[in-house]
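Q: Read off the chains here:
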Amino acid sequence: MLRKFVVLVLAVMLLTVAAASAQDAPVVTIAPDGSVVIGLAAALSGEGLAPLGEDIQRGAELALDARPTVTVEGKEFAVKLDPQDDLCSAEGGQTVANRFVADAGVVGVVGPMCSSACRAAAPIFDAAGYSSISPSCTAPGLTLSGYTSFNRAVVSDGFQGVVAAEFIYNTLGVRKIATIHDGSPYGAGLVEVVTKRFTELGGEVVAADAVNVGETNFRSTLENIAAEEPELIYFGGFAAEGARLAQQRADAGMKDVIFMGADGIKGGEYPTLAGAAAVGTYASSAIPEESDTVAEVLAKYLEKYGLEKPTGPFWPNAYDATNMILDAIEAVGTLDADGNLVIDRAALQEYIRSIKDFKGLSGVLNCDGTGECSAAKIGIIQYGEGGAEIEVAVGVPNPDGSITIEVPES
Amino acid sequence: MVSDTPTLVSSPSRWTGFLDRNLRNPLRLVGIILMAYLAYIAIANIASGQFTLERFVRLFIFGLAQGSIYALIALGYTLVYGILSMINFAHSEVFMAGAYIGFFAINAMDQSGFLDDQTFLALLITVLVGMSASVTIAVLLERIAYRPLRGAPRLVPLITAIGASITLQQLFLRLFGSGTRVYPDVNFFVLPGIFNNLECIEVNGAQVCRGLDLIGGRYEVEFLGLSLQIRPIYFLVFFLAVIFMAALWFFVKRTKTGKAMRAVAEDKKTAALMGIDVDRVIVTTFVLGAVLAGAGGVFFALYNTQVQPFMGFFPGIKAFTAAVVGGIGNIPGAMFGGMFLGMVESIAPSLLGIPNQLRDVIVFGMLILVLIFRPTGIFGEVLSEKKA
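Protein chains in written order, with the working numbering: chain C, 1 to 410; chain F, 411 to 798.
One chain only, chain F, in its complex shape (with noise of 0.2 Å):
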């Protein structure tokens, strides 16, 4: 197809090079006319009122939250993709290992007083708990299913992948049991000098204020005229989540290692007459993509509390259409297309006007839109003929 080559040219046959390009292709013009009727609608609702700035500031710390944790996820299946050019279906249960395997350390300090004495402490150790869990399932993962089908065709390490995911849900189910297990009600209280009015108590007949709950609290704000229910953990997830994404993008782009990844990702065979171990550097990318989901499935369990075997399962499907989106092999579209989804998912049902039900459809929906468009992804690049 010539007209699928984007050529730079002055900005007349410009114009027309993307009617060319967009009107002819019978499936970009559905797609053309689909956005025009979505963007109608929204501002149809916009308009009327139905969608107010308030609501959308509401939903859209709610996406900011869900967004990390997808992008947190979506970061494990790209760098696995990048590195092997195989969907880690299994990444879903890594996420599902580190919550449940953190619930018990965060239990156990629950039960022990441990978690109210040094609230700091309790929670970097469930953290740290979990991650670790994450960790050793996907070097196990990597050990037991993945390596041995190094040399196999594509299609055999997708499906080991899919039993895998499986054998852990069961495995978790017989070990652990079907019941869900519940995070205990975390308060972290932080800077009682700045927030001198919240969370006060009376001790002994004088008023203490503890400051702001960073994990449990749930506040009433009142910002530029919109009130607000916030809840600081939302805000804290955010951040962590970029945190780890920024150590993740120093270390691939600064460290040594992160270079042999690269170079393994361009081509493995070069990579290894060029005095890389190999598997070390894919170990190395199944334990950063563990870490992030680790840390990710604590964040979740943390605010949304219920953890099951099967808890992965959702979040896990999420985040992969997020890899795809962002551009499946890329770091920054695996970020991007997680708080892309999230707030997607959180925001569109009520823009559109759709019940939220039906919130899988859009979100679906839109990586449907965005391959039409870019079929590498938003930050997919070409690729090679190789590894393509």
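For reference, chain C alone in the conformation it holds in the complex (with noise of 0.2 Å):
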């Protein structure tokens, strides 16, 4: 007798919760000690990963640093962080994205970090009606597959992509590419637009290929690679994959062709896992705008965490996507009777596609309505000793679509 009852007041209880859950997801409602919660998605585990991923979540925290609380109506609301790991991968990127939809104290997401997690996550956010604003997932397809939670403050490689083709073919003067991707959306998608916009200019792929994630031996690939004597090796992945690759093309005999990559072995690892190898090899990603803020909160970011440079390039970008949400709170966020802090998860989406003449870290942000955020430039480096990095173009858009490449003088 006693049991039923029990299973009985589960079942009510259950049928409950299940109930409230379905009902809260439009809006989310915060008690007026509560905090709202941000959530951040990067892999912060991972071999030539979690460098990037800590740098990112760095760039959230001294965003958070300098904004700790939102103020909606004149109340004030205390914001934290909830870090999660997507592990760069497309499952990481679902189990996150899960994590975070069942919590429904969440109110944006900064991330996450890789376009394979990036894309498994934007299906899942947009059921719930969640926004999300990726500092770092740079494939191009990502702002045309019509999710409704996705925005990027990051450059798209269809941009990086272009200017790196631009370098390759005008700057550096080389006529015969061969590409080599890690199989996952960023690396083909950036293969993909360098060999469109090289073939455009009359360059020619003479050679091109892919590397399994987590392999350490790819001498075999580069051997065929060498057989059709490219002039340079582009290849989109991240360090540990590029690292290998740029030490072993010399045992291929390709000692002398120029190794190039993007944001993916920029900083972070790669000098370090590659050695001597790295001295002479590119790398681009987009670079923030020099302005004295800039080098204030760099100021800051070495000095919080005791380090001589940051760990990766996109810090600025999650400063500048936690900074989107919390301003996005602020303007649609409103109080109930209660003082409770009511936030509309439409307005919120609306809100974030909107902003125009942001003015962040990474320049001055303009949401296009698809999703996209950015216009910064890119930066190419090429590697000196001991992980120098020597900035050698600057590809900037023109009004017209077209690129200029500047080159410094040296």
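Bear in mind the hints are in silico, worked out from the structure with no lab data behind them. From the three backbone atoms N, C-alpha and C, an ideal C-beta is built for every residue, glycine too. Everything hinted at is true.
With beta-carbon atoms standing in for the labels, derived distance ranges:
| # | chain 1 | residue 1 | chain 2 | residue 2 | range |
| --- | --- | --- | --- | --- | --- |
| 1 | C | D292 | F | P594 | 36 to 44 Å |
| 2 | F | N606 | C | K304 | 55 to 63 Å |
| 3 | F | N606 | C | G141 | 55 to 63 Å |
Example chain C residues on the side facing chain F (calculated, C-beta under 7 Å, incomplete):
| # | residue |
| --- | --- |
| 4 | G46 |
| 5 | N217 |
| 6 | G253 |
Assembly of the complex is requested from the two constituent chains, each provided in isolation within its own frame, with the hints serving as guidance.
A: This is the structure in structure tokens:
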């Protein structure tokens, strides 16, 4: 008798909980003494990835240090960060997204970090009406797939790849390249853009191959590429595989073949992993607008975490993404009769998509309504001894859609 | 299936027997067609000049080193399987531990300058440290994870092995962090008398040639009209692997402990009745496998430089495949399987004109082909009723 009663009570409780969680999806309600939770999804573990993810987390943390509360209708609410590991993979992105969606207190998400994770997380955020701003998902397709939740505060590889191709063809004067990617949406997407632009310019892609993430020996891959005698190898992927390819290219007789990658091998572990082989290789990434604010935040970054230089290129983007979400909360949040903060998720997303003239660290951001929010420049650096980064070119977008490659005088 | 038992008869019916065996079995038929197709592509690529002898030799040399590493790891799988009829999936972490802990040794010696002064000694110490780390992990593994399950159904230790593998990966991750560590550049000069035109430097205005750089060297060699890029370390790894394998072979075939191992592999209960300490023999087996894996780990890291907690996964799974191709439980089979797989992985993609990313497809495809025709592996003996 008692047992039956307990089962009945449990069933009723379950039903109530289920009904409640189904209802509260479109709005977030935060009690007067509660805090606003911002989710952060980045790769916090993994070979060559953790430094990039930690860099993103630091960017968001610095943003919150500077702005620990949001003020809605004169009332302050504390802001908390909830960092989760997205593993830089589709599975990781899915897991993290499900976790954030299950926690109705998460207002918005900074991240995920990798395009594969972004692609997996976007449909889940879409369904729950969430908003996310990625500081680093650069795959061109992400803003073309009609995701309602996806935004990015980083420049698309549609632009980064084009700058890379222009730089290779016009600045370096290379006519024959080989491409290698790591099978990720980021790497494959980047290589696709570079290939397209480079052939349009009149260059030839003599070999195209891919490597498996986690494998160590790429010598036979490189040997086959060497047979086609490229002048440059363009790599779309991350530090671990990039470093191996840069090192092992000498074993296949391509010591003098130029090696170039994108933001996946910019900063972080790459120069350490590749050692002497990194010297002379190129990497590109969006560069923050130079301003006193950037220098100031950078100084705080280095001081707070006791580092000599940032461990990745994305901290300004993470800083901006966090501030954009906080701006949006202040703009659309309202107080109800009990003093609770009420945020309508749809209004939040609408606000983010229509942000104009946002003066961030990574430049002046204008969201175009598709989730694309960045118009930064792309800087190309060459590695010197001991991981030194020498800026060799800057790609600037022109209003007519063309690109100017500016080469600093040396 | 009567047609499956091979019968030794005179040549005409032998042929019909062959056709009978292979054509009536649809799986084998598919296998034969596939092999013929692959052979056709390979020949076409060679005939069209796509695949040159020079390329073959270059890829062969890469395969040599990689295959030796696979063989060294595969022996660990095969030894344990031979004795316990169990796949020790944590063996890839035994390999990783050797490479990873070896890093601390070689790095410390690099920092102190010992590596430059006494290169040979430093390398020896690194290999010994790597081996000891592997042995420690393997012995603990046997003691904690496998021995309590000795009498359990076969699936239980298998699942435990997978669990142990993940535990060890995560343990290293938590202890040493997720970052990748890089072996220092090692230059080990030998035989300045013979290689008197290599690695020359100016010392106080005089030319000094230091000889062949066995570890870090990279040489352009013209050989029989082929221009090759050679790193002596590939051959070094191969020769060391061969020496290790020969030592293992001698140990198993010629020593008393080796005899005991074979007895335990044959029948544990009877061996125990004959006065053999089965537990000790099993520990010895784990130690032997770990010695080879630890050495393999250090060799692997010496020429691929990067070590991290998950580095064991791919080599481990390939070496396991190698052990199965060669016939699991069979020592020469593991050696052959390792070399074979290293070669296939290196050469087959370009021979068949397939993107290198798909080399694992070829490797595991080869496994299936071998198993179609020889279900127990190339060297595999037919297991007795009891063991199977």
